[in-house]
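2 protein chains.
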Amino acid sequence: MFESPLFWPAHLKKNVLFVLDETLIPSKIRYIPVKNVKGAVLVIRHMKTRAFGQFLVVLNTFLLELNVKGNLIQHLEKVAQELNNSRPTFPFAEITGIILGVARKSYANGADVRIAVTKTIEGFLSGIRARRLQRVNEIAELLQSGDCVLTHCNVSGELAMAANLAKSQGKHVKFFVTETRPYMQGAKLTVWELQKAHVPVTLVADNAVASLMADGLVNRVIIGSDRSAANGDVANKIGSYQIAVLAREFGIPLIVLTQPSRGVATGQDMPIEFRCADELLIFGSKRIFSPKVQGFYPGFDVVPYQLITKAIAINAGL
Amino acid sequence: MFESPLFWPAHLKKNVLFVLDETLIPSKIRYIPVKNVKGAVLVIRHMKTRAFGQFLVVLNTFLLELNVKGNLIQHLEKVAQELNNSRPTFPFAEITGIILGVARKSYANGADVRIAVTKTIEGFLSGIRARRLQRVNEIAELLQSGDCVLTHCNVSGELAMAANLAKSQGKHVKFFVTETRPYMQGAKLTVWELQKAHVPVTLVADNAVASLMADGLVNRVIIGSDRSAANGDVANKIGSYQIAVLAREFGIPLIVLTQPSRGVATGQDMPIEFRCADELLIFGSKRIFSPKVQGFYPGFDVVPYQLITKAIAINAGL
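Same order as they appear, the protein sequences are chains A and B.
Every number in my numbering is 710 more than the matching position in the first sequence, counting from 1.
Every number in my numbering is 710 more than the matching position in the second sequence, counting from 1.
Honestly, the hints are just simulated from the structure, not real lab data.
C-beta atoms are modelled at their ideal positions from N, C-alpha and C, and glycine is treated no differently.
There's no promise every hint is true.
Here are the simulated lysine-lysine pairs, BS3-like style, with alpha carbons at most 25 Å apart [as the list claims (entries may be wrong)]:
1. B:Lys881 to A:Lys738
2. B:Lys906 to A:Lys996
3. B:Lys1020 to A:Lys1002
4. A:Lys877 to B:Lys815
5. B:Lys1002 to A:Lys1002
6. B:Lys884 to A:Lys1002
7. A:Lys906 to B:Lys996
8. A:Lys779 to A:Lys723
9. A:Lys1002 to B:Lys881
10. A:Lys906 to B:Lys1002
Examples of chain B residues lying across from chain A (beta carbon under 7 Å, computed) [said to hold, decoys possible]:
11. Thr733
12. Ile739
13. Cys858
14. Arg891
15. Gln905
16. Glu959
17. Gly961
18. Pro963
19. Ser995
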């Protein structure tokens, strides 16, 4: 199967974690070496990696930090806290809490904490890899010849791989991708990986979604999600909510790839990250407005479950 | 009254038309000298001016072209045709048709065509200036202290002037402005002129409109329009349609500044301009994707009249 670099964007090699710098794509393919939790927090906070990449970075950071001298449990607690504070919307605390639980339990049982944590994390990683590959198959199965699929932001390899798989099954599927301002993940990441998957891809301005739908040019919307609530609401890249409202307006099914979580009851309970407004107000490294001009830049919005036609869930297996 | 440079972006001086280059704002304020219809077509086609600026350029171009030798009527017909072909969505033919009508009639009556056309155009210009100033007053009257107004693209000075007027009437009104990709007229023009009008202004990504509305941060939407149909549908900058759908979803009134026209029956009959996809696919003068990647870039979309709460119309007086 064709594998997109975004499907598994971080690899551990000789106690260094190499994290794909997604901010340089498509101009350059460069991996950032991360050696400890400080480096891990930086690649997350500066959005060098996002979405599933964050999950990989969090788990692998524990492996990087196992060889510390002194009180290992206390150290892992500090590592967990730093990761939890890196960005607000992704459920870091749910993941780090589970790893800490394993560490504490093996310590209490007199077992080797390093071996227990390593085995747990390696098990999680191979399990989630298998389940994500399975979801790629499910998405490909869902795609019909003639489909025109709109997507937003980037779903970390799965959509491009499903597109390539559907093509190899003889299906003709076209993709429309929103630019996804301000970070342009749609233009930079998704167009790039769909092009690598050898499927037809068209870039559209975020403003053109209603026009595209009104003209009957798309018949499915497929997006990912950064966090799910127990009631089925999902948080995803800013702009997802309006695409969901428009999909219902035009009678187009909305399919969301989710990672169910019991951490919050509804979307209203999810903390939404506000990015620095400079990301809107600075053009080509120059701030062109007076300091009085403000910027409103939430990184995510919440899609209410009522607008979601189908969720394709995978459990993180944690 | 405070007057925005965008309110009247083209001035005739000694047989040269100086057209404000809106693509350089806010970095530079520069006027392009236009001496004939060829220059006029270029400033329109390359979007150096847009919206009301196009109206000014069309009328003034006839004044520039009156001093030709030979058959004046035939020449003006050629001028009209070139203007009509400059861009598709704005109703150029309606305006040029009226001027041609005046020219032909005065010729048939044995009157001086140059004097008749000049008087007509000067009359149109002073009439529309008065009616636009009147609309600024109407918009200011509509604004209530405490209002938070979302706007999209740019309404050629009127909104900024109304904002300034409302402020001088003691009203506290805040403005949110969408970036308006791909040309960024919201970020570049509207933020700039609202800042000049000394009112609070916040820039938002086009993707953040649903989030802004769901959070209760705006209570009015005011946009302009490039063309109206007889049934009340309007064509405006791409992205207007989705903002209109969202305004209805969140129960927020949508106010549209219109120039009624009897040229087309419904929005479906308006030709929608597709801009060159390079404007999406080229980043900082570099095309980063393979030539197989396409771009979908309609310049406008149509807002159905059912979504419009209130139209503030002015007649062009033609």
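Sort out whether A:Lys1002 lies within 25 Å of B:Lys1020, counting only the CA atoms. With Cα atoms ~31 Å apart, B:Lys1020 and A:Lys1002 exceed 25 Å; violated.
Let's test the interface hint: is any C-beta of chain A closer than 7 Å to that of B:Gln905? holds, 6 Å
Distance restraint between A:Lys906 and B:Lys996, which requires alpha-carbon spacing of 25 Å or less: holds, 19 Å
Quick one, is the B:Arg891 hint okay against chain A at 7 Å, beta carbons? Since the shortest Cβ distance to chain A is 5 Å, the answer is holds.
A closest beta-carbon separation below 7 Å is what the hint needs, so does B:Pro963 meet it against chain A? Violated, about 17 Å.
Hinted contact B:Gly961 with chain A - closest CB pair below 7 Å: violated, 13 Å
Quick one, are B:Lys1002 and A:Lys1002 close enough, alpha carbons at most 25 Å? Judged against 25 Å, a Cα distance of about 43 Å means the pair is violated.
Given hint B:Lys815 paired with A:Lys877 - CA-CA distance at most 25 Å: Between A:Lys877 and B:Lys815 the Cα gap is close to 64 Å, so the pair fails against 25 Å, i.e. violated.
Tell me if the interface restraint on B:Thr733 is satisfied: Cβ within less than 7 Å of some Cβ in chain A. Given a least distance of 13 Å, the restraint on B:Thr733 is violated.
Status of the B:Cys858 interface restraint (C-beta, 7 Å, chain A): violated, 11 Å
Hey, does the B:Ile739 contact hint survive, CB to chain A under 7 Å? Constraint on B:Ile739 not satisfied, violated at 13 Å.
Can we keep the B:Ser995 interface hint, with Cβ of chain A closer than 7 Å? violated, 12 Å
The earlier numbered hints that this structure contradicts are 1, 3, 4, 5, 11, 12, 13, 17, 18 and 19.
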